[in-house]
Amino acid sequence: MIRQREQALAARAGAMAIGVHALLLLVLVFSFNWKNVQPMNVAQVELWDSLPEPVPAPKPLPEPAPVPPVPEVKPEPPPPVPEPEPEIVIKPEPPKPEVKPKEKPKPEKPKPDPAIKQREEEKRKLEELQKMFAEEDRATQPAPAKAAPVGPTSAANAGEVDKYVARIREKIRGNVNKQLCGEGQPELEFQIAILPTGQLSRDPVMLKGSGNPACDQAVDRAIRASDPLPVPNDPTLFSNFRNLKLKFSPNGGG
Amino acid sequence: MNLTDIQPAADMSIVSLVTGASVPVQLVMLLLLLTSLASWWYIFIKVFVLRRASEEAEDFEETFWHSSDLDQLYQGLTAGRRTPKGMASLFEAGYREFSRLKRQGGLDATVTTESVRRAMRAAYNREMDHLDAHLPFLASVGSVSPYIGLLGTVWGIMNAFLGLSNVAQATLTQVAPGIAEALIATAIGLFAAIPAVIAYNRFASSVDRLAVRYESFTEEFTNILHRKA
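Residue numbers (this note's numbering), protein chains in the order written: chain B, 5 to 258; chain L, 35 to 263.
Everything labelled a hint here was simulated from the structure, so no lab data went into it. The structure displayed is predicted, hence computed values, not measured ones. All C-beta atoms, glycine included, are put in the ideal place defined by N, C-alpha and C. Be aware that one or more of the hints could be misleading.
Unchecked claim - Calculated Cβ distances over 10 Å to all of chain L for the following chain B residues:
{"hint": "1", "residue": "Arg9"}
{"hint": "2", "residue": "Ala14"}
{"hint": "3", "residue": "Leu28"}
{"hint": "4", "residue": "Lys135"}
{"hint": "5", "residue": "Asn161"}
{"hint": "6", "residue": "Ala170"}
{"hint": "7", "residue": "Glu174"}
{"hint": "8", "residue": "Arg177"}
{"hint": "9", "residue": "Gln221"}
{"hint": "10", "residue": "Pro234"}
{"hint": "11", "residue": "Asn237"}
{"hint": "12", "residue": "Asn255"}
Unchecked claim - Partial pick of chain B residues on the chain L-facing surface, computed with a CB cut under 8 Å:
{"hint": "13", "residue": "Gly18"}
{"hint": "14", "residue": "Met20"}
{"hint": "15", "residue": "His25"}
{"hint": "16", "residue": "Ala26"}
{"hint": "17", "residue": "Leu30"}
{"hint": "18", "residue": "Val31"}
{"hint": "19", "residue": "Leu32"}
{"hint": "20", "residue": "Leu130"}
{"hint": "21", "residue": "Glu132"}
{"hint": "22", "residue": "Lys182"}
{"hint": "23", "residue": "Gly186"}
Just chain B, same shape as in the assembly:
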C-alpha cells in the first residue's frame, strides 16, 4: 500500500488529507442554507392594525383639496356662455328671432349629451355588474353573509367582500383541470382559511363534494395552486376571509 521510501511522508500526508475533508465538510455545512425558511410571519397582522394611528397626516390634505374644486367649477360655466354669445352676436342683425331659440338649445344639448350618455352607460353597466355579482353571491354563497354580522359590515362592505369572493373564485377556476370534472354542473363547498397575505393558513376542507373524487381533488389542488388568493387590504373587510366557506362550481355559472 505504502512504499518504504514514502513512509516518512505518510503521516503528514494523512493529516493533510483529513484536514482537506474537514474543510470540505465545513464548507458544505456553512455555505449551504439547508433550512428552507418560509417568509410567513403572523406579525404582519399587527402592522395592518397599527397603520391608522398616524392620524395627523391626513389633516393637511383637506386644505389643498378645496382649492382644486374651484377651478373645476369655473371652467364648466364659461363654455356654454361664450358659445351662444358669438351666435347671438352674429345673428342678431338678421331678424330671425325664431331661429335663435332653436339654435341656442341645440349646441347646448349635443355637447353634454355624449359625455352624460357615456357616464350613464358606465353607471348602468357598473350597476348591472354589481347586480350580477350580488345575485351570484346571493345564489351561491350565503356563508359570508352569515359571517358578516360579526364585523361592522355595511352594504358597501358586503359589495366589496362579494367582489373579492368573485375574484377568488375566478382565480381558483383558472387552476382547475376541468376535464376531471366532466360536462355537468357539479357544485362543491370548501372551507378555506386565509391569512392577511392571501396565503392559506390551513389545508382547505371539503364540506360538500361533487360526488366525483377526481373532481374533488382537482378543485382541492386548484385552491392550493391559487395561493396567494386575492384578499382585501382593509382589515375590517378581511375578517370575512379568515374562515371562508366557498361554494364553487368548476364549469362556471356560480
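With chain B held as given, fit chain L onto it using these hints.
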C-alpha cells in the same frame, strides 16, 4: 404551503440527510468517503514524492556536471550505507557496473557500454516504478467513484418514488427529502473524483518529464563512460 408541510422540511441539515438515508445509500456514502480519504492521502504523498524527486534530479545534475572526478562522486553517494535515490541511483548503478568491468579488464568498449546501459536501464525501471506508484489508484477513483455515487443516488430516488406510490396525492414535499438525500451520494462521488482526476493528470505529466530527464541523463552518462572505456 402550510405549516404542517414546512415543519418536516425545516430541520433538513446535512447530518439529518445522511442519517435519514437508507442503508444501501449510507454504505455507498461510507465507501465513497473512505475512497476520498485514501485518494487525498495518496495525492499528498505523490505531491511530496514528486517534488522531492524533481529537486533531487536538479541537485544531482548540478553536482554531476560540476564534478571533475566521477570516482569521488561515486564514493560520496554510496558512503554511509545509504542507497541513492532518483537520478543518483542511475549514476550509481552505471558507475558500479563500469568499474567492475574495468577491474576485470580485457573487454571491448562496446561490450562494456552495453552492459553499463543495461544496468542503468534496470535502475531506471525501478525508479519509474516508484514514481508511478498509486497513479492507477487515482485513475480508478477518478473514473469509478462518480458511478458509485450515481448508484447510491438511483437507489435513493427509487426508494423515494416507491414511498410516493402509497400516497393518493403526490406533492413535491413527499419526494424532495428523499431525492436530496440521494443526491448527496452523487455529490460525494464527484468530490472524490474531481481531485483524483486532476491529480492523476498532473502527476502523470510530472512523471513523464522526470522520465525524459532520467533517459537523457542515461544517454549522456553512457557516452562519457564509452569515452573512458
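Hints, verified against the model:
The claim that arginine 9 (chain B) lies off the interface is violated: its Cβ sits roughly 7 Å from the closest Cβ of chain L, which falls inside the 10 Å cut-off. Remark: the non-interface label on alanine 14 (chain B) conflicts with the geometry, its nearest Cβ contact in chain L lying 6 Å away (cut-off 10 Å). Its beta-carbon lying about 6 Å from the closest one in chain L, leucine 28 (chain B) breaks the requirement of being farther than 10 Å from that chain. Every C-beta of chain L lies more than 10 Å from that of lysine 135 (chain B), the closest at about 36 Å, which supports listing it as non-interface.
Distance to chain L confirms asparagine 161 (chain B) as a non-interface residue, since its nearest Cβ pair spans about 28 Å, more than 10 Å. The beta carbon of alanine 170 (chain B) is kept farther than 10 Å from every beta carbon of chain L, the shortest such distance being approximately 23 Å. With a least CB separation of 20 Å from chain L, glutamate 174 (chain B) remains clear of the 10 Å interface cut-off, as annotated. Non-interface call for arginine 177 (chain B) relative to chain L: holds, since the shortest CB-CB distance, roughly 20 Å, exceeds 10 Å.
With a minimum CB-CB distance of about 6 Å to chain L, glutamine 221 (chain B) fails to clear the 10 Å threshold, and the non-interface call is violated. Non-interface call for proline 234 (chain B) relative to chain L: holds, since the shortest CB-CB distance, roughly 16 Å, exceeds 10 Å. No beta-carbon of chain L is positioned within 10 Å of the beta-carbon of asparagine 237 (chain B); the least distance is around 21 Å. No beta-carbon of chain L comes within 10 Å of the beta-carbon of asparagine 255 (chain B); the shortest separation is about 22 Å.
Proximity of glycine 18 (chain B) to chain L holds as hinted, the smallest CB-CB distance being about 5 Å (cut-off 8 Å). A least Cβ separation of about 5 Å between methionine 20 (chain B) and chain L falls short of the 8 Å threshold, and the interface hint therefore holds. This hint holds: histidine 25 (chain B) has a C-beta 6 Å from the nearest C-beta of chain L, less than the 8 Å allowed. Annotation: alanine 26 (chain B) was flagged as interfacial toward chain L, and the flag is violated, the nearest CB pair being 11 Å apart, outside 8 Å.
At its closest, the beta carbon of leucine 30 (chain B) sits 11 Å from a beta carbon of chain L; the interface hint therefore is violated under the 8 Å criterion. With a cut of 8 Å, the hint placing valine 31 (chain B) at the interface with chain L is violated, because the nearest CB-to-CB distance is about 10 Å. About 6 Å separates the beta-carbon of leucine 32 (chain B) from the nearest beta-carbon of chain L, less than 8 Å, and the hint is met. The criterion of a C-beta within 8 Å of any C-beta in chain L is not met by leucine 130 (chain B), whose closest approach is roughly 35 Å, and the hint is violated.
The beta carbon of glutamate 132 (chain B) is not positioned within 8 Å of any beta carbon in chain L (closest approach about 37 Å), and the interface hint is therefore violated. Hint status for lysine 182 (chain B) relative to chain L: violated, with the closest Cβ pair at about 19 Å, above 8 Å. Violation of the interface hint for glycine 186 (chain B) is found here, the shortest Cβ-Cβ separation to chain L being roughly 20 Å, above the 8 Å cut-off.
Figure legend: structure checked against the earlier numbered hints; hints not met, in rising order: 1, 2, 3, 9, 16, 17, 18, 20, 21, 22 and 23.
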